[in-house]
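Participant: Sequence:
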Amino acid sequence: MKKIRVLMLFVFTMLLSATAANASIIDPAHNSSLRETMISSPDTAITQYLESAVRGDFNTLSSLSNDARYSNDYQKEALYEQTLDNSSKKPISYQIINSNPLDGETHQYLVELRFENSGVSNIPFVLKNSQFGWKVNISKQSIDEKPGYSLINEGNVAMPRAAFAAVSNASCKWNFWGRVDGRTFDSKCSGFSINAPSLKVLLNLQQYNDKGDSYEPMIKYEIVESNWWSDDTWGYTDIIGTKKGKAYQEHVYGDKQTATDVYIRFTTHDTSPDVVTTLAGFGELYDS
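Under this note's numbering, the first residue of the sequence shown is numbered 1, with each subsequent residue one higher.
There could be a bad hint or two in this list.
[To be verified] No more than 30 angstroms apart at the CA atoms, straight line, and that leaves these computed lysine-lysine pairs for DSSO-like:
1) K188 / K246
2) K220 / K256
3) K200 / K243
4) K256 / K146
5) K128 / K140
6) K128 / K146
7) K200 / K220
8) K243 / K256
9) K220 / K140
10) K140 / K188
11) K90 / K256
12) K90 / K173
13) K146 / K90
14) K90 / K200
15) K256 / K188
16) K220 / K244
17) K246 / K211
18) K188 / K243
19) K200 / K246
20) K140 / K256
21) K211 / K173
22) K90 / K128
23) K140 / K173
[Stated by the list, open to error] Quick list of the computed label-pair ranges, beta carbon to beta carbon:
24) S130 / F282: 38 to 44 angstroms
25) C189 / D85: 18 to 24 angstroms
26) S71 / T106: 19 to 25 angstroms
I should point out that these hints are in silico values taken from the structure, not numbers from a laboratory.
We put the beta carbon where it would ideally sit given N, CA and C, even for glycine.
Required output: the full structure, derived from the provided sequences and hints.
Facilitator: Right, here's the structure in full:
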């Protein structure tokens with residue numbers, strides 16, 4: 001019996017060791033709990049955040065941000081990695097222009113970023129303190145709507161050959177129905193590029209009320225570029241009224257010749273506070 005007990009103890013010990021070994025095999029690149037860094041000052045947090053962007057370290061960049069645009073770390077890190085691989089979004093240097101404490105838990109910075117393609121932008125960053133320390137807080141609001149933002153120099157606008165091939169036909173196609181008025185949603189096509197030397201693209205579309213009541217649709221079409229620091233609205237237009245049975249075309253004018261990692265954001269305006277109606281639409285976007 002003593003030998004059996006010793007054998008059972010040996011087997012149990014080996015099982016515990018194997019379990020511990022397996023538990024230690026975790027991919028730190030996608031485990032935010034292992035990468036959480038408690039930073040006790042906003043100056044240290046913004047410096048480490050910007051340094052990681054210059055290095056192209058998307059993992060650290062992700063761990064130092066709370067980004068409301070994404071529901072999980074996988075989505076966030078994939079976008080960060082993709083945009084940092086783009087010369088128009090990969091910073092080579094930075095300079096903190098202004099530092100402004102808004103309150104004890106919130107701090108705002110204005111930073112000049114210089115990019116690999118010789119582009120220059122002034123970007124506002126907001127940092128918030130929590131139980132996890134200071135982190136950069138990124139909202140769904142477009143960067144061009146935030147005080148302090150400015151595009152100083154677009155830089156080299158040459159696009160990769162693959163991007164030109166992608167926009168030879170429609171860059172994006174969409175089709176939606178049953179969308180309640182007063183809502184915002186995004187196109188399923190995303191990550192496409194725009195090459196617009198004339199600073200405009202063409203929307204070819206139809207939109208209509210698919211509930212059967214008398215309310216006319218009012219839809220805002222925003223062309224949005226994703227960046228690691230925030231989203232940026234390239235351009236937008238509001239289209240009012242029923243456009244059905246025949247293609248309706250309208251140009252959207254942007255603020256620069258090129259944009260990458262792009263998607264379309266649709267906002268259906270609330271037609272009446274007392275009535276809920278639904279809208280439908282389809283179309284495509286072309287470089288113009």
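Participant: Hint numbers the structure violates, sorted upward?
Facilitator: none
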